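There are 2 protein chains.
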Amino acid sequence: MKIGVFGTGVVGQVIAEKLDSLGHDVVMGTRDVAQSLAREVKEGAPRPSLKDYLAAHPKMKLATFAEAAAHGEVIVNATNGFGALEVLKLAGEKNLGSKVMLDISNPLDFSKGFPPSLSVCNTDSLGEQLQRAFPQLKVVKGLNTLTCFLMVDPRQLPGEHHLFLCGNDAAAKAEVRALLASFGWADAEMIDLGDITNARGTEQLLPLWVRLYGTFQDAMFNFRIVRKAG
Amino acid sequence: MKIGVFGTGVVGQVIAEKLDSLGHDVVMGTRDVAQSLAREVKEGAPRPSLKDYLAAHPKMKLATFAEAAAHGEVIVNATNGFGALEVLKLAGEKNLGSKVMLDISNPLDFSKGFPPSLSVCNTDSLGEQLQRAFPQLKVVKGLNTLTCFLMVDPRQLPGEHHLFLCGNDAAAKAEVRALLASFGWADAEMIDLGDITNARGTEQLLPLWVRLYGTFQDAMFNFRIVRKAG
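As given, the protein sequences belong to chains A and B, one line each in that order.
Residue numbers for the first sequence follow this note's numbering, beginning at -12 and rising by one.
Residue numbers for the second sequence follow this note's numbering, beginning at -12 and rising by one.
Because the hints were derived from the structure by calculation, they are not lab data.
Mixed in with the good hints there might be a few duds.
[What the hints assert, rightly or not] So, partial list: chain A residues that the calculated Cβ filter (under 10 Å) puts toward chain B:
hint, residue
1, Thr51
2, Phe69
3, Gln143
4, Phe151
5, Met177
6, Leu180
7, Arg187
8, Glu190
9, Leu195
10, Arg198
11, Gly201
12, Phe208
13, Val213
[As the list claims (entries may be wrong)] Ranges of calculated distance between the beta carbons of each label pair, as one might list FRET restraints:
hint, chain 1, residue 1, chain 2, residue 2, range
14, B, Val28, A, Ala173, 39 to 45 Å
15, B, Asp39, A, Arg214, 27 to 33 Å
16, A, Pro33, B, Ala216, 37 to 43 Å
17, B, Phe136, A, Pro33, 41 to 47 Å
18, B, Asp39, A, Ala165, 50 to 56 Å
19, A, Ala53, B, Phe136, 30 to 36 Å
20, B, Lys76, A, Ala206, 38 to 44 Å
21, A, Ser98, B, Ser106, 22 to 28 Å
[Unchecked claim] Below, a list of computed lysine-lysine pairs in the BS3-like style, where the Cα atoms sit at most 25 Å apart:
hint, chain 1, residue 1, chain 2, residue 2
22, B, Lys5, A, Lys215
23, B, Lys99, B, Lys5
24, A, Lys38, A, Lys48
25, B, Lys76, A, Lys215
26, A, Lys86, A, Lys76
27, A, Lys46, A, Lys99
28, B, Lys76, B, Lys(-11)
29, B, Lys86, B, Lys46
30, B, Lys46, A, Lys5
Predicted model, so just to flag it, every value in this text is computed and none were measured.
Ideal Cβ positions, reconstructed from N, Cα and C, are used throughout, including at glycine.
Full structure from sequences and hints, please.
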C-alpha cells in the first residue's frame, strides 16, 4: 500500500521502516527536504542521521508534507503534536482529501522542560482539532500512548497489553486495525473507545506516561487493562 | 488506629467499612449530620441509606468534618473532588494539623453531563491545591484511579495490577502503603511516582478511565503496567 508518513523524528523513522519492511511503498514527509537531509547527528547518537537512515532503506523516499500526502492512500501523522495542525495545512486539504490518517501525535509542550504540559486538553484534544480542521479526513487516533519501539513490535512485552483507538469513521478504524495487526497487535489488544472525542482520554494519559517513564527511566512499558475473569 | 473518613458517598462508605472490618476506630465526616442521616434512598437502590449503613456498622460514628478530622490520626479524603477544598476548610487547619491524609478525590466536573471534564488539570492538580492550602498536612494522593470496590479488595482481579502514589513526605507514603497492604495490595503493585505534582498524571488518567467504563459498561477493571521481563 502507498503510505505517507509525516515526521522524520524517531517515531516517524521507526514507523516508516516497519511499513517499508512489510512491503509498503513509503514516502516520508518533512517541511524542508534539503534541511532535513543536511541535519547532522552527534557522534555516538542513538539514531543515525536522516540521510544515513534513508541510505539504509533505499525503497523509502523523503519528500515534502504535500508530496507525502499526495502519495499516501493512508497517512500516518508521526509529527510532534505541537506543530501537527500546521503540518496538515502544509500537506494541503486537496492532498489529504478523505483519506484515512492514523494520528499518533500528542500535544506535548516541552517549552517549560520536563515533565511537559499539554497544549490542549480536558474539553478538547489534538485529535479533535485536526478532525475539525479537515472534516473530510478520516482521523483515527491511536498508538499515541506507548513508545514507538513497542508500537511496531508489541510482542517485546510479555502477555497482553493494550492500545486505544478512536475516530468517527468505522471503516477507517477497521483499516487501521488491519495495519496494526500486521505490526503484531492482537485484535483484543486494540480497544475501540468510540468517536474522536475520546482522544481527550488517550492524550491525557501522556502526563502519567511521562511520569512513569521518569520513575522507571525506561520507556519499554505499556498499559494493560485488567478485567475480572469470565 | 483512629481514622477520619471524609465523605459519605459510596467511596467513603466502602473505605470506611473496610477500615472498620480491619479493627480501626472510624469516624465518618459529613457537612450536616442530621441531613445526611435523613437522606432516603429509592427502593431497590444498590446501596442502603446512610442511616441503615451505619446501623449495620455499629462501631462507626458519623460526625462533622471537623470532628472526624480531630478524631483521626490518619485522614482519608473520599469526597467528590469538586468540593474537596471546601471540605478541608470545614475540617479546619487545627484539626488537620500535620496528619497524613490519603486523598482519593478527583476533580471531576459532571455539570455538563457524562463524560465529565476536570475542574483542574494539566499544570496543576487537586492534590497540589489541597497540599498548598494546608502546607502542614501530609497529602498522599492515591487510590484515585480505580473503583472503590477494587480499592479495598484488589484480589478480585486476576494477577498483578497497579495503583499510583505520590506525595511530598516519604514517611506519610510509607504509612499509606502499610494501610493499603492491609487491604490486599502487594508492595510491587503500589508505584511511588514521587512528589505531589505527580497527581497531575494520576488525576488526568480519569478521562480515560471514564471512557473505558463507558466502553465496558463495567467499573471492575484496573491498569497494569507491563514491563519487559528481566
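Exercise. Find the hints from earlier in the document that the structure breaks and name them by number, from lowest to highest.
Key: Of the numbered hints given earlier, those the structure breaks are 1, 2, 5, 16, 19, 23, 25, 27, 30, listed in rising order.
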